[in-house]
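Each chain is listed here by its residues.
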Amino acid sequence: MKLELRFFASLREALGISQESVTTPVTVKTIADLRAHLIERGNPWSEVLADGKVLRCALNQHMVDANTALQDGAEVAFFPPVTGG
Amino acid sequence: MPIKIQESDFDVSAEISALRKGDPRVGAVVSFLGTVRDMNDGSQVKGMTLEHYPGMTEKALQEILDHAKARWDIYQTLVIHRVGPLLPEDQIVLVAVTSAHRGEAFAVCEFIMDYLKTAAPFWKKEDTPEGARWVDARITDEVALSKWKK
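One line per chain: the protein sequences are A and B, in this order. Residues 1 to 85 in this note's numbering are what the first sequence spells out, letter by letter. Residues 1001 to 1150 in this note's numbering are what the second sequence spells out, letter by letter.
This is chain A alone, in the form it adopts within the complex (with noise of 0.2 Å):
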């Protein structure tokens, strides 16, 4: 499916992107499955949102967990713990 990707703060800047617009193959179902696809692309995306990273997600901007199902044309963002107030 298709989909639009959006990176945020240490992320963004880890990655060096703030968007972009994928197609995943259709093994991609939810979040997590998203985030492994990513991995496999190698450094930097395997160092930054390895496993043991903390990281939270949203689905057309709302904070999901990880095992929230995608739909064709979602917004998906990954960034770190908020820290604003």
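Accuracy of the hints is not assured; some may be wrong.
Stated by the list, open to error - Which chain B residues stay away from chain A? Per the calculated CB distances, all over 12 Å, these:
1) 1026
2) 1028
3) 1039
4) 1071
5) 1107
6) 1148
7) 1149
Stated by the list, open to error - Computed footprint of chain A on chain B; a stretch qualifies when at least three of its residues, placed anywhere within it, have a C-beta under 8 Å from a C-beta of chain A:
8) 1053–1060
9) 1112–1124
Calculated directly from the structure, the hints in this document are not laboratory data. Yeah, the Cβ is synthetic: ideal placement off N, Cα and C, and Gly gets one too.
Given chain A, work out where chain B should sit, using these hints.
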């Protein structure tokens, strides 16, 4: 229920006056003002830059305010959050709540801040003598949130 994300500074007094203007039911206004400290985690902070996720930020804050309105008997809420470059002593965030009595306004002001700290997509990057660094989320923010989940 205004939500404002802006680079520019704000006038607390003018914002609170506007929030309660024309509403004689209001008997209590509670506000919280967050400002930039010059020290964090043992380092001097010369300045900071606040990044956010345009679009999601407004939605996340609106959800927080909707939850507050559904749970407590309050009248108006206001959240102003600045983004971009800031210096020590600068104002960062203003939350204000009006209600008939102080109990609800105090509770909701704290509720909004506790949720904002963990659910609104803002990130701080500090400029310190050792270099620029992204601020880490605090476990105490998660603890503060847990008290509202009873």
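To see whether the hints hold, each was checked on the structure:
no.	hint	in the structure
1	1026	holds (25 Å)
2	1028	holds (22 Å)
3	1039	holds (16 Å)
4	1071	holds (19 Å)
5	1107	holds (17 Å)
6	1148	holds (15 Å)
7	1149	holds (15 Å)
8	1053–1060	holds (count 5)
9	1112–1124	holds (count 10)
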